[in-house]
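K.L.:
The primary structure of each chain is shown beneath.
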Amino acid sequence: MSMTPPVEILPGTLELLVMKAVASVESMHGFDILRWLRDATDEALIVEEGSLYPALHRMERRGWLDSEWGVSERGKRAKYYRLTGAGRQELSRQETGWLRYVDVVGRVLAAGSEG
Amino acid sequence: MNGSRPPDGLVRRLFRIFERPPSVPDAVELEIRHHIETRAELLVETEGVSEDEALREAERRFGDVARVRREMEGGEHRHRRARERSRVARQTVDDVRFALRALRKSPGFAGVAVLTLALGIGLNTAIFSVVKGVLLDPLPYPDAGRLVWGESEFGASRGAAVSPPDYLDYRESATSFEYLGGRRGGGSYTLTGFDAPEIVRGQSVTAELLDAFGRVPLLGRSFTRDDELEGARAVVLSHAFWQSRFGGDPDVVGRTLSLDDEPWEVVGVMPAGFATLGEADFWRPIPLHTGSNLVRRFHNLRLVGRLRPGVTLEGAQAELDLIAARLEREYPESNATWRLVIQPLREFVVGPVRTGLEILWGAVALVLLIVCANVANLLLARGTGRRTEIAVRTALGASRGRIVRLLLTESLALAGLGCVAGVGLAVLGVRLLRAIEPGTLPRIEQIGLDGWGLAFAIGVSLLTGLVFGLLPALAAARPDLTRALKAGGRGGSGVSGRVRGALVVGEVALSFVLLIGAGLLLRSFARLVSVDPGFRTEGAVTASLSLPAARFEGEADVLSFDEALETRLEAFPGVSAVGFTSQLPLAGPGNDTYMAVPGRHQLGTETQFNAQIRSASRGFFEAMGIPLLRGRAFTEADRAGAPPVVIVNRPFVETIFPDEDPVGRRLLIDLGEPLETEVIGVVGGVHEFGLGDPPPMTAYFPLAQATVWNQQVVIRTSGDPASVVAALPELVGRIDPLQPVGSVATYESLLGRSVARPRFQALLLGLFAAVALTLAVVGIYGVLSYLVARRSREVGIRIALGATRPRVIGLIVRRGLGLAGAGLAIGALAALGLTRFMESLLYGVTATDGWTFAGVAALLGLTSLAACYLPARRAAGVDPTTTLRQE
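Chains as they are written, first to last, in the numbering used here: chain A, 1 to 115; chain B, 1001 to 1887.
So that you can see chain A by itself, here it is in the shape it has in the complex (with noise of 0.2 Å):
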């Protein structure tokens, strides 16, 4: 495990990231995809809670996600959202692009360090 404190989340990568979430299973309502993203990073990444929720709604108006009402696991009525499959094209197009971005910019810093 890694001790490395905390990072802020860059501005853009939260629909990445929930996305990614979604996509892990059939369909999670908000709370759980926090709860996802806490664990696939170990709590190494900080996201403002209430941030989500609008990214979400966001996210359903752009139809990369579908929503539909049920209950939860503690018996509670919650909003749980699905990938579609436009959503699934976009996750896979950020994701390539994040992919290409980070490597870019690891390459830059990488030169930096050698001169």
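Hints were generated in silico from the structure; no laboratory data involved.
Owing to the predicted nature of the structure, the values given are computational and were not obtained by experimental measurement.
Keep in mind that the hints are not guaranteed to be accurate.
Here are the computed lysine to aspartate or glutamate pairs in the EDC-like style, where the Cα-Cα straight-line distance is at most 16 Å [stated by the list, open to error]:
no.	chain 1	residue 1	chain 2	residue 2
1	B	1132	B	1358
2	A	76	A	95
3	A	76	B	1041
4	B	1132	B	1450
5	B	1132	B	1347
6	A	76	B	1358
7	A	20	A	32
8	A	76	B	1450
9	A	76	B	1029
10	A	76	A	32
11	A	20	A	95
12	A	20	A	73
We have chain A; now place chain B onto it with these hints.
P.N.:
Just chain B now, with coordinates in the frame of chain A:
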């Protein structure tokens, strides 16, 4: 959905088509609370803190709850709306697809319904296009709303002309007008200098007339006051004339034109499409300051004015009345009671056809209602057949709203198909109307199916779809579930049957109204064409001759030309008589003047009377077939210089000399100077202005004593009139190669033209009534067939119990005739109330003509009886064993 709700009214049921989702704030709050509560529960479980503390901590971690909520609610609202829209769109597409599929499954029903609808929509759209083009569109002039038409009124007379001196006074004094121009009817001129001499049409106008219409000349100028001086020879050409005779020469201004062998200078060309009410190849100025144009008693101008911006019709009229009062004081002998009355130019143009068109429009609206009733009937019958299907759908959970929606979609899909077919029909209809319209409708040539016509068609279709679809949809959506399922589709509620009965009653009533309208027009048309015109049209040929004064300087020249033509024509096989006159009956307006019987009336006072005046050659009465009733006809002795004589007609005698022999009486006639003449004969009255107008009082002068240069020729032939028509131009050319002859026609065609408008109206209304009758009969037949089918079991039982077939037939026929009878009664009442609107179109028939009402009732009754017969026979043929076993 929620368990209890208020009872559904009609409107509520319609609006309950969409189910309401839970409110947006609830959803957002629920989602946020879910997060915070779950977090708090976890905190309690894992950290062991108190619930209150856990909640506070959960909210802190969540962040700004209020901001997040606001943000989400806004987005959610937008999202919901968008999703709702796409859901509705999807559902609509589904519904339409479903409806079309359902229609395809019953092609017979769909075909009949669409055809019926197309008929109603097409007729309405076609007639609307005509109504719009003729009545609603503004006249094709800039700011046409400011154009007015001016005519005189005096005593009880309306629509009289204006004298040139009066016109000049009005033009000088009135400040309400930007322009005030005068015009006379068109005249014919002989155009030479091009290929063959030919007759062209020119309109005489004053200065300001062309300007009043608001279009500037394309080239050159319009007329000025200098052009009104004697001897001014200026012409302004129409665009078409400029194109055809001068090839659109841009330097045409300044060139000369030989009209009636006199040189006229072209001063301007008007733009394409410009017309001053009526066709003209060119316009020429009227010399207002010479000859009879100086006489206030000679009325021969009609005025067109352009009001100044902001001036009302009433304001302008008030000013004209003041001027009229002044003129009356200054010239009491000529201007007593005369005033100039203006009306909107548009009213003048479309006024004569307004009633006729409005009635046609009303008639097609009635046809459309009948169409709606018929299609509603079809749908009701179909709805009854589908009762089981609908009941099953309801049982499976389809809401009533959904079913109403489904059925309404079906009717709208039908209306949509009807609309497409109807627009096609309308295009054909407008073309047909333009082809058969006899040229009595102004601006008919500009009429087409435009965007407005299309919008009208779509609007009518939507409305129609709603009207005929709503009843069946509501009836079907209120099914008695268990009964419908149990009865297996055969049973039906009596409600639908009663509604269908009512629809048929309505159809019969509407048809009755239409048939009465058509019947009245047909009867009055028959009356009109059976009117004796006062002369014999068969075998008569007419033509017009305008002998140019430049080549035919004196009366003698004209008379010798006439004589030469007469001689040649009389040598033509079959020709028995030839006559010349100043104006033929039924061929346009005539001239009239004041007269007086010496010792009894006095010219220039209120005792004088007005009558038509004509010049007639010796052979005229014989050639026309106008009978000589008393005295003698004109002879060679009645030449210029001989004592002036006059022949009057029967209406003249009946009014002026009711109880005495007019032959030998003296007559004073106002021809600028009073002329004293002797009455030498009496001829029969002639319908001068149309078969519907009574023969006017007329006085005929011998052509030799009252020679005119613009003449009409009438030739009586026992042979083929067409051969005379063909030979006439050549005969004239042999006498004078420079002399053209115009408007050669048989008198039959002239007569036909004079009754063209009533014939057109009777034809159209007759057509609409026939459509209405057919639809009504189909409606009666449909309802009775349905009744028989529904009650076949009852009929079977009756027959099994010993009812005779005639009794069964009687049962069905009674029901059918009951409906028809109710329709007849309602229709008769409605027709009595409505036909008075068409009184102005009728001739010789009252709007409540008993024969027409009785005839239409009989026709409708008999056709209804026929429509009852087939279903009744089917009922009588019911085999009780089969129908009973079917149960």
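K.L.:
The structure should be examined with respect to each hint, and the outcome stated for every one.
P.N.:
Hints, one by one, checked against the model:
Pair hint residue 1132 of chain B plus residue 1358 of chain B holds up; C-alpha atoms about 11 Å apart against a cutoff of 16 Å. In summary, the hint linking residue 76 of chain A to residue 95 of chain A is not supported, as the alpha carbons are separated by about 33 Å, beyond the 16 Å threshold. Among the hinted pairs, residue 76 of chain A with residue 1041 of chain B is consistent with the structure: their alpha-carbon atoms are about 12 Å apart, no more than 16 Å. With a C-alpha separation of about 10 Å, the suggested pair residue 1132 of chain B and residue 1450 of chain B falls inside the 16 Å cut-off, and the hint holds.
Of the supplied pair hints, the one linking residue 1132 of chain B and residue 1347 of chain B holds, its CA atoms being roughly 14 Å apart against a limit of 16 Å. In summary, the hint linking residue 76 of chain A to residue 1358 of chain B is not supported, as the alpha carbons are separated by about 70 Å, beyond the 16 Å threshold. Pair hint residue 20 of chain A plus residue 32 of chain A holds up; C-alpha atoms about 13 Å apart against a cutoff of 16 Å. Between residue 76 of chain A and residue 1450 of chain B the alpha-carbon distance is near 62 Å, which puts this suggested pair outside the 16 Å criterion.
Annotation: proposed proximity of residue 76 of chain A to residue 1029 of chain B holds, straight-line Cα distance about 13 Å (limit 16 Å). At roughly 13 Å between alpha-carbon atoms, residue 76 of chain A and residue 32 of chain A fall within 16 Å of each other, so this suggested pair holds. Taken as a hint, the residue 20 of chain A and residue 95 of chain A pair is honoured in the structure, with Cα atoms around 9 Å apart against an allowance of 16 Å. For the hint pairing residue 20 of chain A with residue 73 of chain A, the CA-to-CA distance comes to about 22 Å; that exceeds 16 Å, so the pair is violated.
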